[in-house]
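Chains as they are written, first to last, in the working numbering: chain D, 1 to 527; chain E, 1 to 160.
Hint data in this document are derived by calculation from the structure and do not stem from the laboratory. Note that the structure is predicted; figures quoted are calculated from it, not measured. There may be inaccurate statements among the hints.
Cross-link-like lysine-lysine pairs, in silico, DSSO-like; alpha carbons within 30 Å at most [stated by the list, open to error]:
no.	chain 1	residue 1	chain 2	residue 2
1	D	Lys509	D	Lys357
2	D	Lys49	E	Lys65
3	D	Lys115	E	Lys65
4	D	Lys111	E	Lys47
5	D	Lys255	D	Lys422
6	E	Lys127	D	Lys40
7	D	Lys23	E	Lys156
8	E	Lys127	E	Lys65
9	D	Lys41	D	Lys425
10	D	Lys23	E	Lys4
11	E	Lys31	D	Lys425
12	E	Lys31	D	Lys48
13	E	Lys127	D	Lys41
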Amino acid sequence: MTEEKKNENKEKEVSTGRRDILKSLATLPVFGAFFYGLYKKRQADNFKKNSILSELGLGEKAPEVLPKTTFNKAGDLIRLGIIGYGGRGEYLVQAVGFAHPDICDLSGEDKDEIKRRKQRLENFLGQEDLNVALAGVCDVFDVRAERGLAASRNETRPGAKGLPEARRYHRYQDMLASDEIDAVIIATPDHWHAQMTIDAVNAGKHVYCEKCITRTEEEVHRVVETVKNSNITFQLGHQNPQQKTFNKAKEIIDKKILGKINLVETTTNRNTPTGAWVYEIHEKGNPRTIDWDQFQGPAPHRVPFSLERFFRWRCWFDYGTGLSGDLFSHEYDAVNQILNIGIPKTVTASGGIYYFKDGRDVPDTFQVVCEYPDRNLTLIYSATLANSRSRGRIFMGHDASMEVGGSLTVTADRNSSRFKDKIEKSIIDTSLPLFTYRPGSEGIDAITSATEKYFATKGLMYTYRGGKVVDLTHLHVKEWIDCIRSGQKPSCGIERGLQEGITCHMATKSFLEGRKVEWDPVLKRIV
Amino acid sequence: MEKKYSCMQLTALVVLRILIGWHFLYEGIAKLLNPYWTSAGFLSDSKGFLSGFFSWIAETPSVLKVVDFLNIWGLIAIGVALIAGFFTRTAVVSGMVLLLLYYLANPPFIGYSYTSPAEGNYLFVNKNLIEMFSLSALLFFPTGKIIGLDRLLLRKKTAD
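Could you build all of it, start to finish, from the sequences and the hints given here?
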């Protein structure tokens with residue numbers, strides 16, 4: 001090979017080498033374009049998010065508004081008694097740490113049912129140990145009392161090991177007289193709430209009473225007076241406010257993001273027999289296993305033994321107040337916790353028995369309008385037990401609307417004065433939520449896509465990551481137990497009980513008398 | 001070179017590779033940058049014969065964590081590899097596997113409806129399936145060794 005040819009070959013090699021490298025690296029500039037695009041997109045998103053959040057003055061995190069529930073000093077053992085171990089009673093006792101052995105049964109034909117049971121057991125075992133004993137069970141139906149005793153013997157939960165079995169009391173008065181009981185949970189029908197609470201307080205027992213606080217207005221006044229003149233810790237059973245979304249909702253209201261709130265709309269939408277209180281009649285229920293006389297107790301009308309009335313008591317005004325005390329009470333309390341509205345000036349209610357013509361005397365369709373002229377606000381409650389279309393719980397202000405449930409969504413109003421500028425500049429899109437807050441995700445998502453909006457409204461939970469599912473009732477009972485030990489006031493104490501009770505009874509009275517009723521703040525009476 | 005393409009054929013194939021790579025990369029990075037992102041919603045909405053498996057992932061926090069991590073970094077790695085033409089064959093095959101899983105998790109079959117609304121209308125065929133078969137075209141008409149870092153690897157190998 002001549003020198004010349006060698007050089008030529010070398011040059012050729014160099015040039016192929018160069019071409020190789022160029023071809024190898026040809027697509028890399030794409031990364032430049034990609035990251036430039038990404039940077040620009042991030043900048044735009046952050047600008048939008050920050051300008052919304054700073055405009056609203058909101059933090060991304062949920063506020064810790066419940067210092068009492070975080071208070072945790074096990075303290076001495078508290079010995080609990082349960083009065084009324086029906087469906088709700090069983091749930092409450094489970095929430096304090098004593099479940100019927102049924103809970104370990106994971107068998108079933110339906111896959112979803114097995115999944116549900118597994119989740120229930122997991123939640124139960126994950127509950128915090130409250131250092132309480134289930135010391136007494138009182139129920140007028142033998143089968144239920146036996147279930148309660150079985151729950152006290154169940155040692156599935158490690159903390160329940162070594163605790164003595166509960167004693168059965170046939171009469172609640174005997175339970176209250178016992179010095180082996182420190183506190184009672186009352187989960188009987190409403191017509192018993194007042195007398196039991198008063199007797200318990202007089203016996204020096206702490207009380208957790210299910211809503212509605214009483215069956216009548218007169219009873220509310222007696223209960224309030226008794227509890228106020230005592231040192232016991234009283235908690236009413238509205239567990240909804242333990243929802244983290246309610247704390248966020250309060251923060252949003254306090255920051256006046258919604259503008260002047262003029263209307264709150266809240267609803268009940270159920271469409272199942274159980275939802276309409278047509279509960280199952282137990283096969284062993286009969287005059288021998290049920291103490292009918294004691295069940296009737298202070299009920300205004302005494303009637304012959306009736307399985308329907310015993311198991312489906314919510315269907316009769318003799319034992320409760322129907323939608324008013326069962327579900328309007330929850331909705332009212334939810335709004336009261338967030339807005340602190342208190343007792344309304346006037347209430348108008350209407351409705352009827354339009355679907356469940358099964359002999360009940362309480363309405364299955366029920367509308368309540370509460371007026372708060374001092375607050376320039378109307379609260380509307382609308383309920384049906386024969387349609388389950390979800391209508392939400394919505395706070396409406398001049399600048400935005402807020403829907404509060406398991407998740408929270410705030411949407412700017414298209415005619416808002418405050419957001420006018422940002423709406424015009426397309427920083428705020430009124431067809432999408434301004435932001436949504438989901439407790440599981442621990443933050444606000446200011447840039448919400450259409451899909452996420454859909455998930456939020458469907459209430460699809462994002463609680464898988466970063467935390468377990470915690471039962472609201474457990475939190476509510478825990479708060480009561482913590483307050484018994486610390487002497488603090490629980491979130492749903494007697495003052496809230498008064499407001500809830502009076503408001504519900506105003507609705508019931510208005511419905512029954514077919515007229516608008518008014519609260520006289522001087523006389524402290526419904527007129 | 002193993003394959004001879006015309007200039008237009010090569011351009012079309014490389015552009016397709018870059019576009020799919022871009023899509024993977026951005027899907028991965030968008031998830032990485034969103035602290036609230038999780039596949040739980042998507043997985044628990046699953047239908048079809050694998051729905052039990054996908055729901056199990058969604059409901060088991062420890063497994064979900066791993067799946068989320070693998071998904072995010074898998075998407076990013078595949079995206080980078082496709083754009084750069086680096087281990088292109090592996091990236092193409094992994095991309096197809098991921099897309100197949102997405103397709104099987106929420107297949108657009110008759111009778112299945114999803115909580116999350118689709119942005120278009122699909123019957124059996126959706127964009128996951130199309131993207132998967134676009135990748136199969138890249139598998140059988142490889143370009144990484146012509147335009148891409150794989151060319152350097154090849155050169156090194158032949159030099160050795």
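Hints versus structure:
1. Lys509(D) / Lys357(D): Holds: lysine 509(D) and lysine 357(D) sit about 22 Å apart, inside 30 Å.
2. Lys49(D) / Lys65(E): Holds. Lysine 49(D) to lysine 65(E) sits at ~27 Å (cutoff 30 Å).
3. Lys115(D) / Lys65(E): 20 Å, holds
4. Lys111(D) / Lys47(E): 14 Å, holds
5. Lys255(D) / Lys422(D): 18 Å, holds
6. Lys127(E) / Lys40(D): 27 Å, holds
7. Lys23(D) / Lys156(E): 15 Å, holds
8. Lys127(E) / Lys65(E): Distance ~26 Å between lysine 127(E) and lysine 65(E) Cα, so the pair holds.
9. Lys41(D) / Lys425(D): Status holds; Cα separation ~18 Å.
10. Lys23(D) / Lys4(E): OK: lysine 23(D) and lysine 4(E) at ~15 Å, within 30 Å.
11. Lys31(E) / Lys425(D): Status holds; Cα separation ~28 Å.
12. Lys31(E) / Lys48(D): The given pair, whose Cα atoms are some 19 Å apart, holds under the 30 Å limit.
13. Lys127(E) / Lys41(D): Status holds; Cα separation ~24 Å.
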